Amino acid sequence: MNRFDYVRAGTVAEAVGAFGDGARFIAGGTNLIDLMKYEVEKPGRLIDITRLPLQGIEEHEGGLRLGALATNAKVAYDARVAERYPLLRNAILAGASAQLRNAATTGGNLLQRTRCYYFYDAGTPCNKREPGSGCPAIGGVNRIHAIFGASDQCIATHPSDMCIALAALEATVRVSGPDGERAIPFAEFHRLPGNAPEKDTTLKPGEIVVSVDLPERGFARNYTYLKLRDRLSYAFALVSVAAGLELDGDTITTARLALGGVAHKPWRNQEAEALLVGQPATRETFAKAADLIVAEAKPQSENGFKVELARRAIVRGLEQAAAGTPQSLSDKRIQ
Amino acid sequence: MLLDTSPPVSADTPIGITLTINGQRRELQVAPWTTLLDLLRERLDLTGTKKGCDHGQCGACTVLVNGTRVNACLTLAVMKDGAEITTVEGLASLGERKGSNALHPIQEAFIEHDAFQCGYCTPGQLCSAVGMMGEGHAHSRDEIREAMSGNICRCGAYTNIVDAIEDVMQHGAAR
Amino acid sequence: MATQISPASGTDRHVGSPRSRVDGPAKVTGLAKYAAEFTAEGLVHGYIVTSTIARGTVTAIDTAAARAVPGVVKVLTHDNRPDMSEDPKSYQDMVGPPGVPYRPLLDANVLFSGQPVAVVLAEDFETARYAASLVKVTYKAETPKTDIDALLGEAYEPPKKRDGIKPPPEPWGDADGAYAKAPIQLRQQYRMANEHHNPMEPHATTVVVEEGGTFTVYDKIQGVANTQQYLTGAFGLKPEQVRVLNPYLGGGFGGGLRPQFQAFLAMLAARDLNRSVRIVLTREQMWSFTYRAEAVQTVSLGADRDGTLQALRHDAVHGTSHYEDYQENIVNWSGTLYACDNVKLTYKLAKIDTATPGDMRAPGAVSGLFALESAMDELAQDLGKDPIELRLINYTDREPIEDKPFGSKALKACFTQGAERFGWAKRTPQPRSMREGRELVGWGVASGIWEALMMPSKVRAVLTGDGKLELGNSTGDIGTGTYTILTQIGADSLGLSMEDVTTKLGDTSLAEAPVAGGSWTAASSGTAAMKACREIAAQVFVLARQMDDSPLANADFERVVFTGGRIALADDPSRSVAITDAMKAGGFDRIEVVGEAGPDSDFAKEFECFTHQAVFVEVKVDEELGQVRVTRVVSAIAAGKILNPKTARSQIIGATVMGIGSALHEESMLDHRLGRFMNRNLGEYHVPAHADIHDLDVIFVDEEDKANPLGVKGVGEIGIVGTAAAIANAVHHATGKRVRDMPITVEKLL
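Residue numbers (my numbering), protein chains in the order written: chain D, 1 to 335; chain B, 336 to 510; chain Z, 511 to 1260.
Everything labelled a hint here was simulated from the structure, so no lab data went into it.
Remember, predicted model here, so these are calculated numbers, not experimental data.
Idealized CB from N, CA, C, for every residue including glycine.
Check before you lean on any hint, since a few could be wrong.
[To be verified] Computed list of lysine-lysine pairs in DSSO-like fashion (alpha-carbon distance at most 27 Å, straight line): (1) Lys1247/Z / Lys42/D; (2) Lys936/Z / Lys691/Z; (3) Lys288/D / Lys655/Z; (4) Lys1014/Z / Lys1094/Z; (5) Lys650/Z / Lys861/Z; (6) Lys691/Z / Lys895/Z; (7) Lys676/Z / Lys1216/Z; (8) Lys936/Z / Lys543/Z; (9) Lys1258/Z / Lys298/D; (10) Lys584/Z / Lys676/Z; (11) Lys1156/Z / Lys922/Z; (12) Lys42/D / Lys584/Z.
[Unchecked claim] Away from chain Z, derived, C-beta distances all over 12 Å, residues of chain D: (13) Met1; (14) Gly10; (15) Pro125; (16) Asp152; (17) Asp179; (18) Ile184; (19) Arg217; (20) Glu246; (21) Thr254; (22) Ala295.
Bound conformation, chain D alone (with noise of 0.2 Å):
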């Protein structure tokens, strides 16, 4: 871990105003401080800004509001979230530990870092981490990578299970920084590598997640979080699938689908989305729309299983929102 200068910030302005070049914002610390200890992560600076005023959950605008440094426990035992935003909830409580939950907050969670091997072994190149470095994981080890929206400059995935269903559920993260406050929608937070896979967001420098705002619809009826890793807790998704529906009788009004572990930032297909409304909620409804997803599938050397089961796993998420039947946390055996 390199050696950098420590700033305790009190208020949000305080924090923007710590910033310059070389400094990271630091709260959880859940991922920024494993990432300095690999030289992954190198700050000059870090700005403390857990003692800022943004720990509250409050309603806001028919919907809640999430402050950035409410931790993932929090959020997930809230009794409003569990009751309005049940997608949301199970999706926190499917990633991580219980400890690393009680600690990562939901700004940090946003700007989580992916899990590729490449990018933190700093013996080996990563244009993620190193630009124009190269990347080796493109034939590679890449089981876990992405088969959605990568580039020939980084296949890398994003490893949030929460910003999954954020996604799904289309909230909205308020951010502050040198020249003011703004509003991302969740879509446009996240982007995909590109040319530049050193950047994962949009954020600005210096700008601080200060909350995420969910909107009132929160699909709490019909609605699963289904993760698929390699052990049956504590590991990393190689297909996650949030689902939200609204159904009036068995015909679906709104459908909201993201995948997880599949690509770059949370991958939603509004085409996918738009033919499953008005639609009768059936299995072979559900399978017209993983078709179509995964259509666009391009698989690394080994991670091709990555394709079918991601099309099983969209048919099986979304048979369960349908029933109102969403996948349990502690019963592995999947609904």
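With chain D's structure known, arrange chains B and Z on it following the hints.
Showing chains B and Z alone in chain D's frame:
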């Protein structure tokens, strides 16, 4: 203690913090990069808290910070200024039968159920179990397993650990 | 002298009874100290810089920036290191394979990815770690070869055999001819991934510089005598100059059998600086030495239609490093487990550019039995026979390779009792015939086998005038329960409470014993402890008899019992003498005896000694998504006398968990272009977590064995041996898919 509007502390200057560790208040000078885990193990000779992976992937370093279980390896000590820390060495004092030789019921249950072999993950399992019981979300064996999955045991004592926790949850200090 | 362990009454008989670990209180309070937790005044912290290439040379190391960091004491590289022996023989440890041991910082050559190229020594850990990141190393890289499939054509029979590992036997009969003629033929390739031990405690060494050119070394090792031999050899020191301790070991599984490079480097630095030094490996660095190397195996079974094996071939190619010929017994088990008239077993090595592989829990048996017991399941399927029935058809009561009877073999009882407990009779044989909702249910079975070994061991026993007994030797309790079973043996032998007995282990100042491995410790140290205690008992008895007006005046040693701290007549317990009174009357403050035990050569001439397992597994597999859950395991074990059912059961469930890891999760993934394991962390190298482990049931079947007076055969390995095959067989039964390469990850089931 730093004021909330503290100016940056340069990399070479230790920072004064106060921690209450296992009930004992300590004034400490720490570097900003010192993790709570390294502080406990290297500076305070509280080696009960273990370093298994140093990356939040095994849970051996689990301690209670203000009663909440966290990975000490991913926690900068300076950021916990003012906090109360409980490590395995202080668990007994949380038990209902306080005394110099008394163990916390979970410690007794771990011995009774042979819930460890090499013992290296054990302090983390114990602190995690105490934290989990305090959280109050896990009741069934399935739920305990899921809630304890952040604590890896390579010796594979998992079933005995769950037995021990269940025993304490059902019978508490009366077990 | 009597050799029975305890003639005492049932009430104080500890051996054979479930007893809680005597080291439990230390382990649950955090007071048990591990190798990195001992300290010394002025301790220097070392942090190792490792190579990023797998093969080539270091062309330059720039340490200027690292040395400029305040608090850095020195940076050691091959360029500036102190003189060290170049003679490979100096580096031999007790269990190393043939070859030239890796000599850290010897020269610029890079033999494997992750090889130490520099050690930064600093006043504190964080400074050492930071400065290590500033060391710039440049290399001339050569193309590494780590893909065993590309090297199968170059595989060779190891010219020099590894001590303790029997090479494959001469073939008997005509396996190929009989196979060609057999009405039922099965030939398949099986393989399992590279696995790393990953004990929870990272490897670490603390070298404390003492007065007069001596050192106290705390090393993560499964037997301190090995570190002592290694360090004295490498540095030209005398044994009395190097005391090695390791009272607790945070998981070994074989990964701690050989001293590793951090031990050498810590001693090198301590001597160079004349300061105490500690070096702890990072978790990532735990991928830069010993591991269970991939083996590519082919099993050929030829059988009659009734299931009788007519031909058995088992051929393995196993990875080793370029500098050592590490060897395992992978194929011989196939010759031992079944009766067959035509058998050929071969074992070859292929050199790959990694560190030398090493023993990992049941080395060889886990890989070999996965192949053999998968093949037997396939054969049963082809024959339409129950897999247990097929195994019983080919059961043997004589060990075929040595052509001797087994000392004991209760494998049939394992099958019977295991099947009963598991409910095997309710299994429907057809794959995909059992289901629950969306899940396919599969029931699988496999056998396991492991050697029942003994090694020459000593135990020192000291009885003091206060009636307290201390036992000790240099072997390690690696979580197996050695502290506890020796305490039980001591207590029963002298009729003491367990509280009156203290066992000390892991210290070269104690009686000499080998590394803790191979499941030999209970038999070896246990027998030595028993002998030492019986000798003490005899001596105390003499003192008791010599007392004035002794109630035991005319007693015979064979007719007394030791119970409740007293020596009593077996026929008339009212006539007794307290041990403390006998010692006092005889004028003894202490009686010290060193007991010795080793293999019984007479027994070994007549019998072959193995432990056996029948393991039953239930899996539930989501039909559509391929998610596998191991919902139930019954492991029936025949391992002679069980000294402590509580800790022995833990050995079996722990091994079962590791077997589940092998079968479903564990895989160190190599990038062959880089010669580098890429998932070097516990987040991406998956070992089972709490959520993966459900109901595990253990049966110890009764088995009388006479290889040693305790009748004990060891339980450390046997629980893992057949587990992976049983899981693979259960997955086949559930899904109809036969997965022949472990781990069984989701892509293999879609």
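Taking the hints in turn, this is what the structure says about them:
1. Lys1247/Z / Lys42/D: Given pair Lys1247/Z, Lys42/D is violated - Cα atoms ~48 Å apart, limit 27 Å.
2. Lys936/Z / Lys691/Z: Violated - the C-alpha atoms of Lys691/Z and Lys936/Z are around 36 Å apart, more than 27 Å.
3. Lys288/D / Lys655/Z: violated (45 Å)
4. Lys1014/Z / Lys1094/Z: holds (25 Å)
5. Lys650/Z / Lys861/Z: holds (21 Å)
6. Lys691/Z / Lys895/Z: holds (21 Å)
7. Lys676/Z / Lys1216/Z: holds (23 Å)
8. Lys936/Z / Lys543/Z: Cα-Cα ~49 Å, so violated.
9. Lys1258/Z / Lys298/D: Holds, at roughly 20 Å.
10. Lys584/Z / Lys676/Z: violated (46 Å)
11. Lys1156/Z / Lys922/Z: holds (24 Å)
12. Lys42/D / Lys584/Z: holds (24 Å)
13. Met1: Non-interface label on Met1/D violated, nearest chain Z Cβ at 6 Å vs cutoff 12 Å.
14. Gly10: holds (27 Å)
15. Pro125: violated (10 Å)
16. Asp152: holds (17 Å)
17. Asp179: holds (35 Å)
18. Ile184: Answer for Ile184/D: holds, closest chain Z Cβ roughly 29 Å.
19. Arg217: holds (28 Å)
20. Glu246: It holds; Glu246/D is separated from chain Z by about 25 Å at its closest Cβ, greater than 12 Å.
21. Thr254: Thr254/D is indeed farther than 12 Å from all Cβ atoms of chain Z, at 25 Å.
22. Ala295: Holds, because the least Cβ-Cβ distance between Ala295/D and chain Z comes to about 18 Å, which exceeds 12 Å.
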